[in-house]
Amino acid sequence: MIQTQSHTTSNLDLADVLKQISSIEEIEIGDFQASSMSKTNYYVKNVTTGLCVIMYDTHAHVGGMAYIMLPDSEFQQTQTTGFKKPLDDTAFKACYADIALPKLWEHLQGLGASSENTQCVLIGGSQLFTFGGGRGNPLNIGARNAITARTTLARMGLSIKHTEVGGNRPRNAVFMLADGRIFVQMKGGETIQIM
Amino acid sequence: MVSTAKKLTLESITEELTKLPSVPDVILKLSQMLENPDVTADELGQVIQLDPQLTAQMLRASNSAYYALPREISSMKEAVAILGQKALKAQVYAILSHKMLNRQIAGYGLAKGDLWNSALTGAVYAKKIATLYDFKESDTAFTVAVLRDIGKLILHEYVGDVFKDLEAQALESKQGFDEAERQLLGFSHSELGEVIGKKWNFPERMIYAIRYHHKPSDMKEKVSDDVYQLLGIVHLADALCMMLGHGMGNDGLLYAIDLDYLNAHGFNIDANTLQELMLHLHACQGEVKTLNESIK
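Chains as they are written, first to last, in the numbering used here: chain A, 24 to 218; chain B, 3 to 298.
Simulated from the structure, these hints should not be mistaken for laboratory data.
Here a beta-carbon is modelled for each residue, glycine too, at the ideal position from N, C-alpha and C.
It cannot be assumed that every hint is accurate.
To be verified - Quick look at which bits of chain B chain A covers, simulated, 3 or more residues with Cβ under 8 Å:
no.	region
1	67-75
2	173-179
3	255-261
Based on the provided sequences and hints, a complete structural model is requested.
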């Protein structure tokens, strides 16, 4: 199930949008960045089960992007997998929605963002099919990422302006801090402007 | 579903095989020599040296941070002795994969570099998964994973025109894009990969991995426990590559993960295991970049 909202089909392909930008910073999975510089542009590509979360203060013109991999960090306290080599969980904090989103918001508040003027956008959260699996569906990470992002943002008092989540195709997105425009392209599909 | 897709036949495949990029003879010879456990470092070194470009690539890869050797290797004979035959085999297939797959695959919406990126990332992931599950031949896991999508080289010419039909079929049946290819085009990219693997005399376990990497439970051949495990590792690496967004084409996540097979072969995939695997594999990105730089 794809969750999408009203949007404008862009006259530009995402590749054209990228050509018009002189500098762009790619956010990789498990990372986030925030800025108050109007020339900043963020780009994320091939978002599948992960989730790209964009926050933008329309008055202070500060914004940021997080590309989260997993919903919550709690599972690491109760892990039962038994792999011999344990994870150094400190290295992965920005991978989790419940940790990365508050951190991104903390950075943005430091740059002057306020919850009244900040709008959020969710992009990604797609999913593979499964053959069998009597033990529940461990693959619904995309949907769980979106659910955790929604509850985490609500807890922080932030509103979600737009979501482009679900389905089975990867998405690419560009966020331009100068005017808050956001372009999203489902791989192989048309480019839409959602803000 | 009614489709006007042009179907592949055995005759058309034979013609398509002739259009494939050529593989250097030295690489094919090496891949066969490396199947013989009694081959010596001298014999391998002599063959590799016949191709100066390959020699340079292999020495560069051997001395890269990926292997983190304590001293510099200056000859292929030394590389064989220090790295071992299985690691060297993985290197030969990675170089072959780069030669074959580092190109635009338009039918699947893959820009130049995307399919190669997916091939290499999946191979490094397979090696890591093998280590995490205590599978003794982690280099073999790398080797059999790195060419898993080679069939796309042929099928992409047919996929582009009927992509929407294939997507609709995959969504409707929930059997995956690979099965939709088979139903609408006559062959899937996995089946075409098997044909290519046989033509080039790839090792049998690599052919199984190519053929069944999207649905290992379809395999009817009786094989050893090692091969069953290897198939599970490659299938899991491929799925996690997609979940982490590497080398994605328009077919995206239109594939299934074979939980029945994985759990029947000891992988115990539940939500926690999957999440921990994703974090472990995410931590391998540095290795993927290092290896990519050394092979290019």
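Open item on the list: Just to make sure I understand the rule, a stretch counts as covered if three or more of its residues have a C-beta closer than 8 Å to a C-beta of the chain. Does the region 67-75 of chain B meet that for chain A?
Closed with: It is violated, with 0 qualifying residues against the three required.
Task: Three-residue Cβ test at 8 Å for the coverage of the region 173-179 of chain B by chain A - done: Three-residue rule met by the region 173-179 of chain B, so holds; n is 4.
- [ ] Count residues of the region 255-261 of chain B with a Cβ under 8 Å from any Cβ of chain A, then say if the count reaches three.
- [x] holds (count 7)
The structure fails hint 1 only (numbered hints given earlier).
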